[in-house]
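Once you have looked at the hints, place chain F on chain L.
2 protein chains.
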Amino acid sequence: MSRWEPNSRGRLERAALELYRERGFDRTTVAEIAERAGLTERTFFRHFTDKREVLFGGQQLLHRILVDTVAGAPDSVAPFDAVAAAVVAVATEMENGREYARQRREVIAANPSLRERELIKLAALSSAMAEALRTRGVPDPAASLTAEAGIAVFKIAFERWQDGPRELTFADHIRDGLEQLRTIAAGA
Amino acid sequence: MSRWEPNSRGRLERAALELYRERGFDRTTVAEIAERAGLTERTFFRHFTDKREVLFGGQQLLHRILVDTVAGAPDSVAPFDAVAAAVVAVATEMENGREYARQRREVIAANPSLRERELIKLAALSSAMAEALRTRGVPDPAASLTAEAGIAVFKIAFERWQDGPRELTFADHIRDGLEQLRTIAAGA
Numbered sequence: 723m724s725r726w727e728p729n730s731r732g733r734l735e736r737a738a739l740e741l742y743r744e745r746g747f748d749r750t751t752v753a754e755i756a757e758r759a760g761l762t763e764r765t766f767f768r769h770f771t772d773k774r775e776v777l778f779g780g781q782q783l784l785h786r787i788l789v790d791t792v793a794g795a796p797d798s799v800a801p802f803d804a805v806a807a808a809v810v811a812v813a814t815e816m817e818n819g820r821e822y823a824r825q826r827r828e829v830i831a832a833n834p835s836l837r838e839r840e841l842i843k844l845a846a847l848s849s850a851m852a853e854a855l856r857t858r859g860v861p862d863p864a865a866s867l868t869a870e871a872g873i874a875v876f877k878i879a880f881e882r883w884q885d886g887p888r889e890l891t892f893a894d895h896i897r898d899g900l901e902q903l904r905t906i907a908a909g910a
Numbered sequence: 723m724s725r726w727e728p729n730s731r732g733r734l735e736r737a738a739l740e741l742y743r744e745r746g747f748d749r750t751t752v753a754e755i756a757e758r759a760g761l762t763e764r765t766f767f768r769h770f771t772d773k774r775e776v777l778f779g780g781q782q783l784l785h786r787i788l789v790d791t792v793a794g795a796p797d798s799v800a801p802f803d804a805v806a807a808a809v810v811a812v813a814t815e816m817e818n819g820r821e822y823a824r825q826r827r828e829v830i831a832a833n834p835s836l837r838e839r840e841l842i843k844l845a846a847l848s849s850a851m852a853e854a855l856r857t858r859g860v861p862d863p864a865a866s867l868t869a870e871a872g873i874a875v876f877k878i879a880f881e882r883w884q885d886g887p888r889e890l891t892f893a894d895h896i897r898d899g900l901e902q903l904r905t906i907a908a909g910a
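Chain order of the listed sequences is L and F. Residues in the first sequence are numbered from 723 upward in steps of one, following the working numbering. Residues in the second sequence are numbered from 723 upward in steps of one, following the working numbering.
Bound-form chain L, shown alone (with noise of 0.2 Å):
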């Protein structure tokens, strides 16, 4: 019989990230991260595969958030323009955790293997929406590349919304990606 655990994989994102910030992520082990949560480790390894898993929590959401939008989108939008609304979707959806993204991102530049941890998500990201434009008859690479320049300005927002000034939310920052991407790829 398990004891009802309201919210447990919240608190153990959330006593994750704060360990990982005060120890390091090497120093840290699956039981202080579940003693700290005030949950069993085996209720860690019920929501996570890992320890470096329990840091991209968000990416079922942001799967589903890019597909739907895509696979959503009327049959008269352009495929680059379907990925556009999925990417301004999932940015709208982060906009209120620039804080815990800011204090994710850093554990995460301090690692390497969360790095590439980090990339492979992305990568698999970038893959999901390929396949749903393919779904709508996009041939290939048209579907691949179209995927690939969404997550390239998705990752390059990132950076600009974290650092840059608190006035410009995510949203802007896609927005302006996508628009510069058209004028470079215009080759001006």
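Hints are computed from structural coordinates only; laboratory data are not their basis. As the structure is a computational prediction, the values presented were derived from the model and not from experiment. Just so you know, not all the hints are guaranteed correct.
One copy or two, either will do: identical chains are not told apart, so a pair holds if it fits within one copy or between any two.
[What the hints assert, rightly or not] Heads up, simulated DMTMM-like pairs for lysine to aspartate or glutamate below, C-alpha to C-alpha not over 25 Å straight-line:
#1 K843 / E889
#2 K773 / E821
#3 K843 / D894
#4 K877 / E821
#5 K773 / D797
#6 K877 / E757
#7 K877 / E754
#8 K843 / E757
#9 K773 / D894
#10 K773 / D862
#11 K877 / E763
#12 K773 / E901
Here is chain F on its own, set in the frame of chain L:
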């Protein structure tokens, strides 16, 4: 006094790839790679920091070609065209290594830790090109976006070169990808 070991780097790379294909990456040791190459473990570690790095021996050359091409483009050349020339130059350099690239890709695809290393290497190439663009006076985010777009084209063209008909060169696929990206970003 060290023995003269002609092309020990290349011998280690070939030996490693052979063993990774025969036994799998995880089940191969550095000692076995050195033995197959007729060299010592010490020589291995003089060239590579670990078992993964031996698959990324071409990184420095690619880095140099990309950066030199971007840096060497006349001032009148638009940023995207400088990056386009750089990825075409890399593709041309790799053209004769299609079979080696195919075997290497198979080994990497089978191992998540190698896929992660590959992605971080590509990210490093993108950063290096972005830096070369900044040196030319291209501001951010245009510099980062242009470099990311170039690497996206490179990645996708690589897959198509590997899977596509033999008549098409890697450079052909790169040029096609660049052209498609222009069309996509124009919103067609």
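Hints broken by the structure, by number, lowest first? 1, 5, 6, 7, 8, 9, 10, 11 and 12
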